[in-house]
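**Student:** Sequence:
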Amino acid sequence: MTGSSGGTRPKILTKIDGDDWIIKFPSSYDSKDIGRQEYDYALCAKKCGIDMENVKLFESQRCSGYFGTKRFDRVRRDDGGMTRRHMVSVSGLLETSHRIPNLDYDLLMRLTFMLTKDIEECMKLYRLMCFNVFAHNRDDHSKNFSFIYLDDEKRWVLSPAYDLTYSNSLNGEHATTINGNGVNPGINDLLEVAKKAGLDIKAARAAAEDIRECVNEYLGHYFPDVTRV
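Letter by letter, the sequence shown follows residues 569 to 797 of this note's numbering.
These aren't lab readings, by the way, just hints derived from the structure by calculation.
Small disclaimer: the values here were computed from a predicted structure and weren't measured.
Be a bit skeptical, because a hint or two may be false.
In silico lysine-lysine, DSS-like type, Cα no more than 27 Å apart, as pairs [to be verified]:
1) Lys722 <-> Lys624
2) Lys583 <-> Lys600
3) Lys763 <-> Lys614
4) Lys583 <-> Lys624
5) Lys685 <-> Lys763
6) Lys685 <-> Lys624
7) Lys614 <-> Lys638
8) Lys600 <-> Lys615
9) Lys615 <-> Lys763
10) Lys770 <-> Lys615
11) Lys624 <-> Lys600
12) Lys685 <-> Lys764
13) Lys624 <-> Lys614
14) Lys614 <-> Lys685
15) Lys722 <-> Lys770
16) Lys638 <-> Lys624
17) Lys770 <-> Lys685
18) Lys638 <-> Lys615
19) Lys638 <-> Lys600
20) Lys722 <-> Lys638
21) Lys614 <-> Lys583
22) Lys614 <-> Lys600
All chains, full assembly: derive it from the sequences and hints.
**Tutor:** Structural data, given as structure tokens:
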């Protein structure tokens, strides 16, 4: 097992029905139910229209289950073998440390459009930003955003979301600020990011409100004492 890649928790790489999967285990400082929490977050993210890989909660006699996810950087070839997709994180692209909060979603939006040339990819990032704000996922550092290259289409796209849990970052703020606000970002900050990115504001507001409602319904029990924005 290792805790050095794709998050801090110990994990194994395995095959299920020929596909590559990652299964995570609680670290020494995690709640024993962290697997169930990440699973619930992933299911809620899907309900919010956020691109996620297939996930599963594996049974355990020690806790409520271990979180597993299919790898999105692997694709099956016509001959049944597996090919690795080229993937790069924002940390790698910008050569910036994920341990130091130094990003804003404005910058991520510009980077996303510059690389993908697709405003729909910016909308995908916007939905993820909204989810991170409303679900109190504040560990949204530069290694938790990535791009993958689609060889058959000859283009870059934002990768599926990953490492979504209730979390805090340095001083309890978002690792990536929202319109410069990492402490208590709200709907106005989200819409300002959308406006600067050239997104349709009416659609952006509707998406934010839908995501907030969905998160509060399905994940609110994980943060009952947090002030809802």
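**Student:** Is the Cα-Cα distance between Lys600 and Lys615 27 Å or less?
**Tutor:** holds (25 Å)
**Student:** Could you grab the alpha-carbon distance between Lys722 and Lys638 and see if it respects the 27 Å cut-off?
**Tutor:** Distance of about 23 Å is within 27 Å: holds.
**Student:** Would you check the hint for Lys722 and Lys624, treating anything up to 27 Å between C-alpha atoms as holding?
**Tutor:** violated (31 Å)
**Student:** Between Lys763 and Lys614, is the straight-line Cα distance small enough, at 27 Å or below?
**Tutor:** holds (24 Å)
**Student:** Hinted pair, alpha-carbon criterion (27 Å max): Lys583, Lys600. Please report holds or violated.
**Tutor:** holds (24 Å)
**Student:** With a cut-off of 27 Å on the C-alpha distance, tell me whether Lys583 and Lys624 pass.
**Tutor:** holds (13 Å)
**Student:** Quickly compare the C-alpha distance for Lys614 and Lys583 to 27 Å and report which way the hint goes.
**Tutor:** Roughly 23 Å separates the two Cα atoms, so the pair holds.
**Student:** Between Lys685 and Lys624, is the straight-line Cα distance small enough, at 27 Å or below?
**Tutor:** Distance of about 33 Å is beyond 27 Å: violated.
**Student:** Taking 27 Å as the top limit, are the C-alpha atoms of Lys685 and Lys764 close enough?
**Tutor:** holds (16 Å)
**Student:** Does Lys638 pair with Lys600 here, judged by a C-alpha cut-off of 27 Å?
**Tutor:** Since the Cα atoms of Lys638 and Lys600 sit roughly 22 Å apart, the hinted pair holds (cutoff 27 Å).
**Student:** Are the Cα atoms of Lys614 and Lys638 separated by 27 Å or less?
**Tutor:** holds (14 Å)
**Student:** Does the structure keep Lys770 and Lys685 at a Cα separation of 27 Å or less?
**Tutor:** holds (22 Å)
In this structure, the hints that do not hold are numbers 1, 6 and 15, in rising order.
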